[in-house]
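Protein chains in written order, with the UniProt record's numbering: chain V, 1 to 351; chain A, 1 to 351.
Each hint should be verified, as a subset may be incorrect.
A pair counts as met if it fits within one copy or between any two copies, since identical chains are not told apart.
[Stated by the list, open to error] Computed cross-link-like contacts, BS3-like style, restricted to lysine-lysine with a CA-CA straight-line distance of at most 30 Å:
| hint | residue 1 | residue 2 |
| --- | --- | --- |
| 1 | 81 | 198 |
| 2 | 198 | 231 |
| 3 | 81 | 343 |
| 4 | 51 | 30 |
| 5 | 201 | 158 |
| 6 | 188 | 231 |
| 7 | 255 | 81 |
| 8 | 288 | 201 |
| 9 | 235 | 188 |
| 10 | 201 | 51 |
| 11 | 287 | 231 |
It should be emphasised that the hints constitute simulated quantities derived from the structure, not laboratory data.
2 protein chains.
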Amino acid sequence: MFPFRVVNQAAVEQILDMSNVIEVVEQAYKLKATDQATLFPLIFHEFEQGKADMDIKSGHLTGANVFGLKLVSWFGENSAKNLPQLIGMVMVLDSRTGVPLGILSGEHITCMRTGAAGAIGAKYLARKDSKHLLMIGSGHQAPFQIMATLMVMEQIEKVTIYNPQSHERAVAFAQSIQNTLIDKFVSKYKGDPALYAKWAKRCEITFAATDNIEAAAREADVIITATPSRKPLVKQEWIKPGTHFSCIGADMEGKQEIDENLFAGARLFVDDVQQAVNVGETELPIKKGVITPQAIVAEIGDVLLGKVPGRTSDSDITIFDSTGIALQDLLTATHILREAEQKGLGSVVDL
Amino acid sequence: MFPFRVVNQAAVEQILDMSNVIEVVEQAYKLKATDQATLFPLIFHEFEQGKADMDIKSGHLTGANVFGLKLVSWFGENSAKNLPQLIGMVMVLDSRTGVPLGILSGEHITCMRTGAAGAIGAKYLARKDSKHLLMIGSGHQAPFQIMATLMVMEQIEKVTIYNPQSHERAVAFAQSIQNTLIDKFVSKYKGDPALYAKWAKRCEITFAATDNIEAAAREADVIITATPSRKPLVKQEWIKPGTHFSCIGADMEGKQEIDENLFAGARLFVDDVQQAVNVGETELPIKKGVITPQAIVAEIGDVLLGKVPGRTSDSDITIFDSTGIALQDLLTATHILREAEQKGLGSVVDL
């Protein structure tokens, strides 16, 4: 029998802060790029088409001596049952012995590491002088993308929000997002007044909703997409040279958020080649014959390590296709388990 | 946050008894045969060749409204660290909502459901008048195979044990197995004196070790193989008509316990066609060209349901290739969770 730590959602939220998660996710990408991490095949199962599915993402971080998995299920009709639609669990084990180390609530880990991923794409691929972020999608994930991007892109001074389904929701989002960022993310730094002030100040910028996606896209320096879309929301002809895309929404076959023609001539980076080709934003441009898999310049970890240049000029269009990989979850979870142990958070049970 | 039951190894051992597990595993096979169960692809990863690996088996039992997975890791060098070589966990979730129901220690579940599987193969495929069981392998799994088989095959009056690596261990095993069966399995029925007496009596038969595998195989009616062998231990020419094999050991590429030529002309049944072809005892006879996958008569569930005849004559050689499927684990785990809730066993934590 093994002592085994269970960390629930409240404890995960208490432990994680965005700047830490950005560091952890960068580390995960770097481990992958130095062959200190292996992704296992993705398992995806649809219980009922368009209504309920689950996936199991798993892998091994030799560089951190852990392996494990994240199981996430999505049940679209859960809201009517007073349950969250998305439920996730991360399981971490010691890769030197197979001994289980812990199980953690996975929703907040997923949100945080996904926000970090979009921002890391912008940090390493967008023009340093990028001033205008267009956030497409104003759902649960949008605040995570915005906060993380503001933290790593110091010149951003305006965030425009577009919701393809409801302008009203975009307006409400734009009105509340500053408070949301303070409450959800900046409040974590209360113990460190200088850091708190720094990040709070970073949120004092312009947030505006738009119902004119074309105008917003024409003006944007960085575009982050985080929607469940299955058709392109952004057209190629709107995009000025030098724009960066972090494509977050596409994580299963058939999903697409931006014009496949944008991929021709863009510098394309992914978190994992195989996942990107199978289920990412990269899937359809390949299937439609716009590009071949060889158009992928590299995995993002290679850019972080300086092995491959990201942007090569101010006029490059850069794309980061983030499908979400188990290594992000596992390394974030490992960080949480270490903190939880130090702080005495979570329950320790025998397995 | 969700209340979530953690059932450790001691509680699993307290709850499970072999006759119940045999019923549960039969039920799992039947659900699979009536399309009330889906296996997801098997994930296998070798940390270090021949020294450490792990697999994730997962699936969905619509018929029981659960889905989930079992993660089992094997670290050959753990004994030196005072840790078990095999460590497993089963995770069960509600397939109507995605809500996690529990996590359970997986080792004992695996041992019990594997024992049940071998016995179910014999129950449905061996000659009813089978008197002599040859158990090849005297490791951790052997007592589970023997107990379950004695429970379902009432005519068995002699068990011969062969250990391909050490006759001494076979001798020691044969000397202690009766007590082991009583302690480990029959003692579960202490609360029901009639049942206790019935199963205790079933263990009063002859147990003998042999170092002459040929003579034992020539005489056997039922042969169960549960070794990590990678070469055949049983030759075709030794086997008399009417013999039944339950092949348990082969669960990864390259493993083999019996002569591939036995497959030509045998009635071959499997737990899951794809797993059997990929990693089961069926793998090498196909790769060596002795049979094609079409030689598989059916999955065992079809026999249990009477959809496909098992043995068609007293002279058939029958083979059950049991690779071990997640559905066995998940349904056994679901049974445990139900019992644990009723009996107040395990810890309930928030996830």
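So, going through the hints one by one against the coordinates:
1. 81 <-> 198: neither (41 Å within a copy, 48 Å between copies)
2. 198 <-> 231: This pair counts as neither: shortest intra-copy Cα distance 38 Å, inter-copy 66 Å.
3. 81 <-> 343: between (34 Å within a copy, 28 Å between copies)
4. 51 <-> 30: Cα proximity of residue 51 and residue 30: across copies only (27 Å, versus 35 Å in one copy).
5. 201 <-> 158: within (13 Å within a copy, 81 Å between copies)
6. 188 <-> 231: Classified as neither: same-chain Cα gap 37 Å, cross-chain 59 Å, threshold 30 Å.
7. 255 <-> 81: within (27 Å within a copy, 47 Å between copies)
8. 288 <-> 201: Close neither inside one copy (44 Å) nor across copies (70 Å); limit 30 Å.
9. 235 <-> 188: neither (38 Å within a copy, 68 Å between copies)
10. 201 <-> 51: Answer is neither: 41 Å inside a copy and 54 Å across each miss the 30 Å cutoff.
11. 287 <-> 231: Cα proximity of residue 287 and residue 231: one copy only (14 Å, versus 44 Å across).
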